[in-house]
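First to last, the sequence lines map onto chains A and B. With this note's numbering, the residue at position 821 of the first sequence is 821, and numbering never jumps. Take any residue in the second sequence, note its place counting from 1, add 1000, and you have its number in this note's numbering.
Take the hints with a grain of salt, since some may be wrong.
Claimed, not checked - Stretches of chain B that chain A covers, calculated by requiring three or more beta carbons in the stretch to come under 8 Å of a beta carbon on chain A: (1) 1007 to 1018; (2) 1068 to 1080; (3) 1084 to 1097; (4) 1212 to 1218.
These are calculated hints, taken from the structure and not from any lab test. Predicted, not measured: the structure shown is a model, and the values here were computed from it. All C-beta atoms in this analysis are idealised placements derived from N, C-alpha and C, irrespective of residue type, glycine included.
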Amino acid sequence: MIRPRFVLRMALRESRGARRRLAFLTGAITIGVAALVAINAFTDNLRVSVNRQARELLGADMAFRSREPLPERASLLADSLIATPGTDPSGARATVVSFSGMAYVPRTAGVRLVQVQAVDSGYPWYGTYQTVPAGAWHDLQSGGRILVDPSLLSILDAVPGDTLSLGESRFLIAGTVIDAPGSFGVQGAFGPPVWIAGRDLASTGLLQFGARAEYETYLKLPSGAADAEVIAEEYRPVLRPERVRIRTVEDDREDLSDTLTRMGNYLGLVALIALLLGGLGVASAVHVFIRQRLDTIAILRCLGASAGDVFAVYLLQALVMGALGSILGAAIGVGIQQALPGMLGDLLPVDVEVAISPRAVGLGIGLGLWVAAIFALLPLAGVRRVSPLVTLRRDVETRKSHRDPFAIGAVLLLGLTVVALAIIQAGEWLAGLGFAGGIAVVILVLAAAAKVLTWAVRRILRPRWPYLLRQGLANLYRPANQTVTIVLALGFGAFLLSTLFLIQHNLLSEINVEMGDSRPNIAFYDIQPDQREGVEGLLRDAGVRSTPIVPIVPMRIRAIAGRDTAARVEEADSALALRDSWAIRREYRSTYRDTLVATERIVAGTWWDDAPAAPSGTARVSVDEGVAAELGVSLGDHIVWDVQGIEVRTVIASLREIDWGRLEPNFFVVFEPGALERAPQMMATLARIDDPADRGTVQRRLAESFPNVTSLDLSLLQNAIQNIIDRVALAIRFMAGFSLLTGAIVLIGAVSTNRFQRIREAVLLKTLGATRRQVLRIILTEYAALGLLATSISVILASVAGWALATFVFDTPFRVPLPQLVAVTSGLVALTLGVGLWSSATILKRTPLEVLRSE
Amino acid sequence: MILQCESLTQTYLSGGRPLTVLNDITFALPEGAFLAIIGPSGSGKTTLLGLLAGLDRPASGRVVLDGRDLGTLDEDARAQLRAERVGFVFQSFQLIPTLTARENVQVPLELRGEPSTERAESLLTRVGLGDRMDHYPAQLSGGEQQRVALARAFSIRPRILFADEPTGNLDAKTGQTIIELMRELNRESGTTLVLVTHDPDLAGLAGRTIRLADGHVREDTGA
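One chain only, chain A, in its complex shape:
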């Protein structure tokens, strides 16, 4: 039986003396809710922005995308779609060709790889390219002009009005594009974008043989035409064999929404950890609070309150504080949400319109309240078992009951809650379950470690050890110790941050190693056969050591093992085996040579010298093992290639494993010498030039003499990748920071929970003659042990998690950066010590008499 009015009044009055302690409970929840609300609201904002801006992102109703100029059949279809009989003539088409090239400004001698977009007039029909000066986008079509990304001006030290040469053509820099639909900041790091009119494309001479380009034909459907999505569904199967993909606004919307939602969900999982840690704080605060309230509970029971009454009194207090914490957290979250676009904006293709998301706020408050309630249940279960007999004898213990169905129910509910929250936040069953499982493992290991520590300390303590050391260590296992809570709170935050650090470190060092001291750091490609000697001479004259020039021959698969590719593509379609169909459909850029290179090794078959001779009219090839698996071919199988319309028959003589991590010219398919020498081809070479100025000079000379040759400064590429990893890591670390913050709060709470007991002990010690210094050393010993244990276990766990992530997700070798990890560990131990000392300050200040009087 529960008496609601009594419960309400009692809860209100009872919280009086404990509002500071309960406020702590509030704080523990606040941070987690803030993190959740911020990231979920931001994800909602993103989704809304994508929905609103999807049409502007495409700039058209639909687009045909191909690697070559649009095949005739597709082009005729495009024409028919924009001029459907019976509709008004408002349809239009425009092509945008994207490719890379070297931009060179003669006045400043600046040179840089750029991403060229040759745009037909009319595009875009939706959304605008914002330029400085305004109107420059429209003027682009008058020809001879180029618009550039603002970053390129500073890289090339150029100003609008300068002449910029691109391939064999010269352009007037007419201005900058400050906002292009669908573009995002870090994209430009690989090569700042520049825009020219489609009619100027031919004059650059950049689309020579072998150059990679993407052709996008945008369509504006006439009003009254069928829905773009319907049209796309109808013609996709028709255009697939032509290697033309159809994109619609809806496709973009879905793709982007999915990607961004997933990103938001994963960041949200990191936020969820902060909330769950907050839950741990609630549990610990309620536990201590209840322990201080045992007398009151017993009195109430003695005066006739039912177990339900008393339970409700304290649950209500926890709920009210949880609600306050959640509301405060939601408010802070809304504040943080405003800052997220600034932090992540560069990674996003849409302009994020920040707005308060009622869904995120509601969800955050609801989850905060729920977590507070669930985590409070377990310690509150004991309230029901407090005997009224405590009023008569202090030594009556709360009846221990390991089989209390209520407590078991609370534990089950807690577990289910964590799993459910993880699934909801991850948005997928498997990821959610995996995440919850991971949390469980980390918690179990940390809790077990804490238990083992207390057990071990009890065992190894020796009477001959210095008294202060013994006393400090004994605090770890004495009654009412907080060892498990502190190890969990500190350990979880430390685990998260260390894992993140290890992954970031390994991804970055992977790139750095690949770039090593003697490895090539600049690549030259798109070299035509007749330019080979010239380029080699130019590099030689500049004193540059370059690798032998590698020939590259573009080709496609015509048939596999005697079967026709077209038939195979159909098969693949029907089975929806898209990966298979990609491996068949893609353009292969193959080479021929007589030796293996350092980044590959044979895993099946043998290299040319030892391999069986091929039947006449057939050449031997060596294939990457991954591609062979996707194609479903193996040693001895036949592949017929279409090399610029000529049929080349091959047999697979070996399979190779290739280290794609290295920035070197690796090839899926290598031909034996003699088969491709006369095929149309282009060349590439790599070189090492240490001085950035020298790299610039060589690039400039090449741009002057061989404008179609592209040079890729790999160190810039490396910087770009590093920049992206840094940005992503910053975002994740930002979210993980909430966990550390909550961890610190829980830590402070856990530390201060046994303050009363500590004060009594310290005073007793002082009364018996201990100096402040000695009391301090006892406290230091205890917290140093706690901090050291929590962080070293976390760092070990993080190393395992980091290794698993590196090996199975990122596919990079894993190294443990010992000095950095030692630094992380020391930092966290220092944090623990700091919190311990801070909360002990009052202990040290109290005089014995003061405490004895208050007894």
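With chain A fixed as given, assemble chain B onto it according to the hints.
Frame of chain A, contents of chain B only:
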């Protein structure tokens, strides 16, 4: 009879072995009586009080309080019975530290769902604390705290009042005042009094005295 106990026995586990702290206690108490339970430390006085008031369950035996057999009631039902008919006074006062004097007195009334403020105020005035009603226990002296506890105990006009060494933590003079107050209230409301003490003077005020030693009734005078 307001209170009856039959063959009341209580054992506790001590170091893994059962320790009998009360052995076969039987007596009955008529309504309005004043019983003092006396005996040295460890004789089982407080244990007996706990059993009589339904705060604990006996190992064997039976307690009937105001016609209700406590053995047939679960913990919440016993609590309900206390809320309706039983008052308590403790050696260490047992006021709720986060509640003011007035609020402490109100608790039992609120548990019964009765209007509480006026009754609490009149009782506090009656025990001489009319000007200290909004003070917290920590702001009151020991004697004052015990007076608040008395007001709380009598707030519901209990049929029976259990007092555990009510003067044990007070100086002689203050203890005297408390006892007088308790007897006055007892007379006014006809409440049955059960008092645990080891103070012979205090026990001498009671109409009936049960002396315990080693868990046995050694003497029952005035029955």
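Hints, verified against the model:
1. Coverage of the segment 1007 to 1018 of chain B by chain A is violated. Counting CB-CB distances below 8 Å, 0 residues qualify, and the rule asks for three or more.
2. For the segment 1068 to 1080 of chain B, the assignment as covered by chain A holds, since 4 residues bring a beta-carbon within under 8 Å of that chain's beta-carbons and 3 suffice.
3. Three residues within the 8 Å Cβ limit are the bar, and the segment 1084 to 1097 of chain B against chain A gives 8, so the coverage statement holds.
4. Coverage of a stretch by a chain is defined here by at least three residues with a beta carbon nearer than 8 Å to that chain's beta carbons; for the segment 1212 to 1218 of chain B and chain A the count is 0, and the condition is violated.
Of the numbered hints listed earlier, those contradicted by the structure are 1, 4.
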